[in-house]
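Undergrad: Each chain, letter by letter, is given below.
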Amino acid sequence: MERTTIDLWVGFFVALGVAAILGLALKVGNLTSSNIGETYTVTAGFENIGGLKPRAPVKSAGVVIGRVDGIRFDAKTYEAQVTLKLDKRYAFPKDTFANIYTAGLLGEQYVGLEAGGDEVNLQEGDKITHTQDAVVLEKMISQFLYNKASENKSDNKAAE
Amino acid sequence: MFSSLKSTIAKIGHNFIEGIWHLGAGGRLFFYILVYLGDSVRRPSLIVREIYATGVLSLLIILVSAFFVGMVLGLQGYNTLQKYGSSEAIGVLVALSLVRELGPVVTALLFAGRAGTAITAEIGLMRATEQLSAMEMMAVSPVGRVLAPRFLAGVISMPILAALFSMIGVLGGYFVAVPLIGVDSGAFWSQMQASVDFREDIVNGVIKSVVFGIVCTMIALFEGYDAPPTAEGVSRATTRTVVYSSLAVLGLDFILTAFMIKV
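First to last, the sequence lines map onto chains V and P. According to numbering that gives the first Met the number 0, the first sequence holds residues 0 to 159 in order. According to numbering that gives the first Met the number 0, the second sequence holds residues 0 to 262 in order.
Calculated from the structure, these hints are not laboratory results. Hints may contain errors.
[As the list claims (entries may be wrong)] With a straight-line cut-off of 25 Å between C-alpha atoms, the simulated SDA-like cross-links for lysine to any residue are:
hint, chain 1, residue 1, chain 2, residue 2
1, V, Lys26, P, Ile180
2, V, Lys58, P, Glu87
3, P, Lys261, V, Lys93
4, V, Lys87, V, Lys138
5, P, Lys261, V, Thr82
6, V, Lys52, P, Ala186
7, V, Lys87, P, Phe197
8, V, Lys52, V, Tyr77
9, P, Lys261, V, Gln80
10, V, Lys93, V, Lys126
11, P, Lys261, V, Ala55
12, V, Lys26, P, Ala193
13, V, Lys58, P, Ser194
14, V, Lys84, P, Val177
15, V, Lys26, P, Ser194
16, V, Lys26, P, Val209
17, V, Lys26, P, Val177
18, V, Lys26, P, Asp196
19, V, Lys138, P, Tyr83
20, P, Lys261, V, Thr101
21, P, Lys261, V, Arg66
22, V, Lys26, P, Met259
23, V, Lys58, P, Ser85
24, P, Lys261, V, Asp68
25, V, Lys93, V, Lys138
26, V, Lys26, P, Pro43
27, V, Lys52, P, Lys261
28, V, Lys52, P, Ile180
29, P, Lys82, P, Val63
30, V, Lys52, P, Glu199
Generate the whole structure from the sequences, applying the supplied hints.
TA: Here it is as structure tokens:
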């Protein structure tokens, strides 16, 4: 008689544990959202990827359509080669534009795809040629300061 | 003066050799338990009873502390994050710190205190009252009948408890962040889901808790089995269980984390 109550408790305990792991996977983790299904792989070369990391989302019009699979340095072109895994359901034209954006001011970086007008679509293993690098804050600030300085110079000249 | 120095050095050497001896004996016991594991699997009622003793009876302390740990994480995290205007990231902070570190580690520490000490005291007393010798006399292996089921039960209970700890902790963080402080509920969950990875974070946490389960249960079993058959011996063995388990868990946690995090 006592054994059955213990069995009941242990069954309850194990069920609770399974529920906790399921809850972690579905509610806390990204098991549902990372489930993209069948994918195809394209590459894109960037001169500067900023803080892009593997597994970062690939978005088009703000919707996640893939993930960054890998990043490596190409010693021939001195570019970063980023491999993107895209959902098979979405086909993109060959002249699609790939940008590296930042979510929010300090958020994580992601790859944004903007469809072009070509009639031929990207295939497995193709390379996206139109790319735009990540915005590097230091570069922007130095450019801004440089422009300001040259503006001042021309103002001074005009005053003279 | 010279003789006291000599005796000090001798003591250090003795303690060192004693430590190595314990390690070897523990390893041998671990091997025996693995050998007898098959036998105990064939008697599930024994394992079920031990899971009740180690797992179910630890539920209360694990769940209550998990809820409070989650709430404290929520409060502390909010306090710092709102300075940077990103209080929505509180879900990420609570979930990642629980799933990766606090879940497995704090559960293992509580487990060593709640279940490990019980195992050590029980087996130590069994030895002191010569129940283990009686079993051997009847050609029943105490390792197969007493130790192996407890080992298996500990290894099964630990990941379940750790997963529960993480889940309840996240709920505790949610309780503080959303109803009490007023962080947006959608942002809390969606940011969490965006940065907690199933393979990298949750599965690694479960792996950690399995390792901690093996280590904590093994230390508790060995200390009980090895305890001198006196009241003082059993009490000292119980203390050693908590101390060694805690040290082993914290040290191993660093090593496991170093393996898991790719820099």
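Undergrad: Please write out, lowest number first, the hints stated earlier that are contradicted by the structure.
TA: 3, 4, 14, 25, 26, 28, 29
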